[in-house]
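A.B. asks: The chain contents come next:
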Amino acid sequence: MTAAVVTPGRPARERRSARGRPLTPVSGLGLGVAMLWFSLLVLIPLSAVVATAGEGGWSGFWRTVTNEQTAAAIRLTVGVALLVTVVNVVMGTLIAWVLVRDQFFGKRFLEVLIDIPFALPTIVAGLVLLSLYGPESPLGVDVANTRVAVFLAFLFVTLPFVVRMVQPVLQELDREVEEAAASLGASRFTTFRRIVLPSLTPAIAAGAALSFARGVSEYGSLVLLSGNLPFKTEVASVRILISIEGDNTAGAAATATVLLVISLFTIVALDLIQRRVANRG
Amino acid sequence: MGKYVLRFVAAAYLLLLVAWPVSLVAKNTFADGFTELRSILEDPDVTHALQLTVQVAIAAVVINTVFGVGISILLVRYEFPGKRLLSPLIDLPLSVSPVVVGLALILVYGGRDGWFGPTLEDAGFQIIFATPGIVLATTFVALPLVIREVVPVLEEVGIEQEQAAQSLGANALQTFRRITLPSIRWAVVYGVVLSLARSLGEFGAVKVVSGNVLGETRTATLVVEEKYLNFDRGGAYATAFLLAIVSVACIVVVSIIRPKEGSE
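Respectively, the protein sequence lines represent chains F and S.
The opening residue of the first sequence carries number 1 in this note's numbering; numbering runs sequentially from there.
The opening residue of the second sequence carries number 1 in this note's numbering; numbering runs sequentially from there.
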């Protein structure tokens, strides 16, 4: 049994439509307390970011986010996150396939490796990558302070998402259909493309959305690795931090709002994908 | 033939991206035997940072467990207006940049010009640049983890047993303690372990809200950064090693208990 240890992509929402009870006085009170806490911790602070970004009006917001350095940082972040998502779609599906369909010595070990990026502190992740791909690399590859370092850091932190979304779907898949296709003369590649891939697509898409959102918001693993050079390796999160440290709260809030909008879009897309899957299944 | 190529590609990718780099941290830590590890454990600033990290993580895990179990039960078992909107909102903290989390908390709880900060400060509560701010930031980033584990299990077990207990005269608390809690026990355990790993390792959000004061609000992850930037590579690797050991242990613990439950 190859149970996924961490399922970062599992949706925290109802799948079966067993309707719940109406609220009782006690559960109503509980809901009130929970919502108060959630608002104080998450909703009000995030609204404050958007409100602060809007203080200077639309023109102020637009001027900040189209500032040459900020725009370069946002472009780099989104570009590298997209590239990493493409790699994850291919490699994540491949790894999930190997973990589900193949049996070999050391598979359990690979299973644990997948989850390490999810649990490892991001600053440690940066240090870890620096020790193999930095100035003292035993491989002789030094990518520190280059865009390759940004790519590598994103690749590391987003590793689990596609794998962990695809794995359970692949396990549930009915193998008889594949055998039938093969017996009718389909090559292994054709079987994969025509039979397996269509049923994996929603899971792959959901994993891709999660890894894109995670990549765009990454900060910790880049601190030591990328050098944060303006116009070259500076990502959006670093740009926000520099604005905060320079007491430019409005600028920080404007860039932060762009990131928030991106993650909101990704979450909505993910929700729609999962809804479609739930309706079909 | 194709099978072996795929197996090789997957294994090589994971070794180059994860296993080899992570193992180098252990190697660099023990390059001079136990000297580095001993020297950071004898440094009072580092031990203070480690203590603070553990205290903050425990506080965040307790808050998120109580909140998480409560909100999971409400989401799965009850109907209320806005429920449809709440579930995706709860996932939001996982995809918000830690730096944005820090900024958001400063804008509301900052002592100088936050929305609530000055009022709270007048009443004697300092949040930002103090421990409560670090706890808030850590709680924020780990918020969905317990919920994501508990909700699917609650859906899976259904409500028949709970209804039976209630029809036999059990009150809400008895039903929760005797029926609901045992069935979601393992999900809560996974959620707690994952939240613990996430909370111990939070860096970006804590960096923004803590003020990073040596011996006061500097956490373990901030020590790693500070030591590395001050050319104390040995100290940085040793502290990183301690953090990595804990997070890898969390993952291994979950991977050992989870399959057992699956086969029950």
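These aren't lab readings, by the way, just hints derived from the structure by calculation.
It is possible that some hints are incorrect.
What the hints assert, rightly or not - In the EDC-like style, the derived pairs of lysine to aspartate or glutamate whose C-alpha atoms are separated by at most 20 Å in a straight line are:
{"no.": "1", "chain 1": "S", "residue 1": "Lys-83", "chain 2": "S", "residue 2": "Asp-32"}
{"no.": "2", "chain 1": "S", "residue 1": "Lys-3", "chain 2": "F", "residue 2": "Glu-136"}
{"no.": "3", "chain 1": "F", "residue 1": "Lys-232", "chain 2": "F", "residue 2": "Asp-102"}
{"no.": "4", "chain 1": "F", "residue 1": "Lys-232", "chain 2": "F", "residue 2": "Asp-142"}
{"no.": "5", "chain 1": "S", "residue 1": "Lys-27", "chain 2": "F", "residue 2": "Glu-179"}
{"no.": "6", "chain 1": "S", "residue 1": "Lys-27", "chain 2": "S", "residue 2": "Asp-232"}
{"no.": "7", "chain 1": "S", "residue 1": "Lys-27", "chain 2": "F", "residue 2": "Glu-68"}
{"no.": "8", "chain 1": "S", "residue 1": "Lys-3", "chain 2": "F", "residue 2": "Glu-178"}
{"no.": "9", "chain 1": "S", "residue 1": "Lys-3", "chain 2": "F", "residue 2": "Glu-68"}
{"no.": "10", "chain 1": "S", "residue 1": "Lys-83", "chain 2": "F", "residue 2": "Glu-178"}
{"no.": "11", "chain 1": "S", "residue 1": "Lys-3", "chain 2": "F", "residue 2": "Asp-271"}
Keep in mind it's a predicted model, so treat the numbers as computed, not measured.
A.B. asks: Work down the list of hints and note, for each, if the structure agrees.
C.D. replies: So, going through the hints one by one against the coordinates:
The suggested pairing of S:Lys-83 with S:Asp-32 is violated, with an alpha-carbon distance near 56 Å, which exceeds 20 Å. For the given pair, S:Lys-3 sits about 35 Å from F:Glu-136 by alpha-carbon distance, which is inconsistent with the 20 Å threshold. Using a Cα cut-off of 20 Å, the hinted pair F:Lys-232 and F:Asp-102 is violated, with the two alpha carbons roughly 41 Å apart. For the proposed pair F:Lys-232 and F:Asp-142, the alpha carbon gap of about 16 Å is at most 20 Å, so the pair holds.
For the proposed pair S:Lys-27 and F:Glu-179, the alpha carbon gap of about 47 Å is over 20 Å, so the pair is violated. Among the hinted pairs, S:Lys-27 with S:Asp-232 is consistent with the structure: their alpha-carbon atoms are about 16 Å apart, no more than 20 Å. A threshold of 20 Å between alpha carbons decides the hint, and for S:Lys-27 with F:Glu-68 the separation of about 42 Å lies outside it, so the pair is violated. Taken as a hint, the S:Lys-3 and F:Glu-178 pair is honoured in the structure, with Cα atoms around 16 Å apart against an allowance of 20 Å.
This hinted pair does not check out: S:Lys-3 and F:Glu-68 have alpha carbons roughly 49 Å apart, beyond 20 Å. The straight-line distance between the Cα atoms of S:Lys-83 and F:Glu-178 is roughly 40 Å, outside the 20 Å bound, and the hint therefore fails. Taking the CA atoms of S:Lys-3 and F:Asp-271, the gap is near 35 Å; set against the 20 Å cutoff, the hint is violated.
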